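Take the sequences, apply the hints, and build the full model.
Going down the list, the protein sequences come from chains A and B.
Residue numbers for the first sequence follow my numbering, beginning at 26 and rising by one.
Residue numbers for the second sequence follow my numbering, beginning at 7 and rising by one.
Simulated from the structure, these hints should not be mistaken for laboratory data.
As the structure is a prediction and not an experimental result, all values here were calculated from the model.
One thing to keep in mind: the hints can contain errors.
Straight-line C-alpha distance at most 20 Å; calculated SDA-like pairs for lysine to any residue [to be verified]: (1) A:Lys160 x B:Glu281; (2) A:Lys52 x B:Glu28; (3) A:Lys83 x B:Thr33; (4) A:Lys148 x A:Leu111; (5) A:Lys83 x B:Asp172; (6) A:Lys146 x B:Glu360; (7) A:Lys85 x A:Lys104; (8) B:Lys299 x B:His340; (9) A:Lys146 x A:Leu111; (10) A:Lys52 x B:Leu19; (11) A:Lys168 x B:Leu353.
Quick list of simulated restraints, FRET-style, between CB atoms [claimed, not checked]: (12) A:Asn180 x B:Lys188: 34 to 42 Å; (13) B:Asn361 x A:Pro131: 38 to 46 Å; (14) A:Ser44 x B:Asn361: 44 to 52 Å.
Glycine is no exception: its CB is placed at the ideal position from the N, C-alpha and C atoms.
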Amino acid sequence: MEKKTLDALTIAVSQGDESAFETLYEKTKRGVFAFAYSYLRNYADAEDALQETFITIKQKAYLYKPQTDARAWILQITKNLCLDELRKRKRRQESAIEREEPCVAPTFSYLDELTNILSEKEKEIVILHAVWDYKHREIAKMKDLPLGTVTWIYNTALKKLREAREKEKED
Amino acid sequence: MKDDFFKKLDQELNALELPMSEKLKNTPIQARSEENEAQPVRSNRQPTFPAWLKAHRVWVTAAACSLAVVFIGGITLSSLPNPENQTEYSSYLYLDINPSVAVLLDGNGKVAKLVSRNEDGDRLLKDSTFKNEVLGADASVAVKQLADRAAKMGYIDLLSDGSNGDFNEIRLSLFGNSTVSKERLTELQSVVTDYFCERGVFVYVDVSQTVLEDFKENIEAFSVRPESYLDYTVTQESESISETFFFEYAEDLLKETLEKYDLYTQISTLETQIEADTGSSYWLSSTESEDAKTMTVALEKFYHLYDEDFKKADNFIDNLAIKQNFFLLESVYHSQAEIAEELRLLLQNGLTRENFTLSEFAKFSLFSTVLGYGEDLFSSLSTLFNAIEENASNAHVAIKEYGDAYADDLYARHEKYFNAISQNNGIDSNAYQEFLDRIGKNN
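And the structure:
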């Protein structure tokens, strides 16, 4: 997902352009879904978060500041929605596992592996880098972490995924 | 594993349809207007600095580090009126090496305006003589000039072997209205590809074009320097400015200092191996020994990047004075082996307030001094941290000055190296096609 294109599309959306919104949705929906899924671990909730993210984008479009990173803006909206949902779950004493998935919900192998094996921080950094094309330096700035820390966390995450793959093969 | 896993993850995600819900479709966009114009949020807090920095004022004066070398860049070509001089822009081209530079072209395809888009872009365009050379040039010339400058500032890995996972990549993205020309983009792609092939450097040039119907509205956003993280930090997050930038700079300088140390260690090891290899004909010709060939490259690099006077392998072996100089330095470098490993571990874990304590800093300071690397930056960094101690505004100025000093340092060191290395044999079209096959980019 190229930053410049998304920035340009988001500027257009902030000016009321519906077709730009549709393009923005098409270009980012899978990334937003993956990001939300990593928090919520549930297809239906992640899909809801995706829809709510884009409803919020429409409702708050005028707040987007040109010359800022549109990806970061979109992901911040998604993250806030996911954290809200997790807080609601906590209040309901409800876990993701107890919730019923729709019978047609797709199953994931790689996304689940990434979601289940990695820590919160690792997941976020891996998704930002691998799905959203963020560079490590950009992630460092976005998360206010030293670059070395981001690289280190990313490499640790890859190692964990590699080890899980190897273990799976052995089994 | 990395590529394979993410490719499959990508496939998994691409299989999802995820259509818009009716609710989403029916939600109207709240567009920007005078009534709901976003107001920037500004903190009323006065800038203050963390206590840890104040407490370490003494060692702050001895600190040295560098800005990161990130590999991104940008160029812009567009057909819209420029409010400053009424020049008509026709399209927007983004050249992605690492320094981001927007190049706005007039209707004749000449550069009308150059805009840095990030900190590396600032460094690339810092030299006004260079900038003036690019202004007014044809897009194809400008692309080459910018790529050349980026290479001479170390943004292109000259020793990349062109294998999958070790290659340079430049991206050219062309934005514009319906007048965007695919042929023009292909021409620019060839210019950059040929330029690096002639110099024997493997670079993949990726291109894309986007037609934006509302291009006219967007050109303003593309044609100005985005607020830098530094500016953002100064205006909104001044409390953390010292800490954020200190660790960022310290990490970069530590990384570069360790690279110099590793290069020296490599030369030393190769020298021992060559000495021990009694069957080698290295003494007659350095081209007949793999170790000697590697050594030649390492010595060239050391000579050009760090001005150490033991440049070529033949001279190195034959010239006693040069070799004595090397042996003298060798003992100094070897004395730092333990510290080097401690610092390497520190770098791997990332420098933080918790692990980069006063004693760690003292080690780094000594290490950097012994290796004689970055003395000017060292001095510049002292200024920076003294300024941070005073107020955010002074720190802002000092950080920019540090960035300028770093830009000069990059160009001074890498230009010679680029000129020396790029005299090697070029890459012919067959070898380049094989390279594209290797990295999976040959469509």
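Hints and how they fare:
1. With a C-alpha separation of about 43 Å, the suggested pair Lys160 (chain A) and Glu281 (chain B) falls outside the 20 Å cut-off, and the hint is violated.
2. With a C-alpha separation of about 19 Å, the suggested pairing of Lys52 (chain A) with Glu28 (chain B) holds against the 20 Å cut-off.
3. Our distance criterion of 20 Å between C-alpha atoms is met by Lys83 (chain A) and Thr33 (chain B), whose separation comes to about 7 Å.
4. Between Lys148 (chain A) and Leu111 (chain A), the direct Cα distance comes to roughly 16 Å. Compliance with the 20 Å bound is thereby established for this hinted pair.
5. For the proposed pair Lys83 (chain A) and Asp172 (chain B), the alpha carbon gap of about 41 Å is over 20 Å, so the pair is violated.
6. Note on Lys146 (chain A) and Glu360 (chain B): the hinted pairing holds, with a Cα-Cα distance of about 19 Å set against a maximum of 20 Å.
7. Distance check on the hinted pair: Lys85 (chain A) and Lys104 (chain A) sit about 15 Å apart at the alpha-carbon level, within 20 Å; holds.
8. Simply put, Lys299 (chain B) and His340 (chain B) have alpha-carbon atoms about 23 Å apart, too far for the 20 Å limit, and the pair is violated.
9. About 16 Å separates the Cα atoms of Lys146 (chain A) and Leu111 (chain A), which keeps this hinted pair within 20 Å; it holds.
10. Between the alpha carbons of Lys52 (chain A) and Leu19 (chain B) the distance comes to roughly 12 Å, so the proposed pair stays at or under 20 Å and holds.
11. Under the criterion of a C-alpha separation no larger than 20 Å, the hint pairing Lys168 (chain A) with Leu353 (chain B) is consistent with the structure, at around 18 Å.
12. Taken as a hint, the range 34 to 42 Å holds for the pair Asn180 (chain A) and Lys188 (chain B), whose Cβ atoms sit roughly 39 Å apart.
13. At about 43 Å, the beta-carbon gap between Asn361 (chain B) and Pro131 (chain A) stays in the expected band of 38 to 46 Å.
14. Distance hint for Ser44 (chain A) and Asn361 (chain B): a CB-CB separation of about 50 Å, consistent with the stated range 44 to 52 Å.
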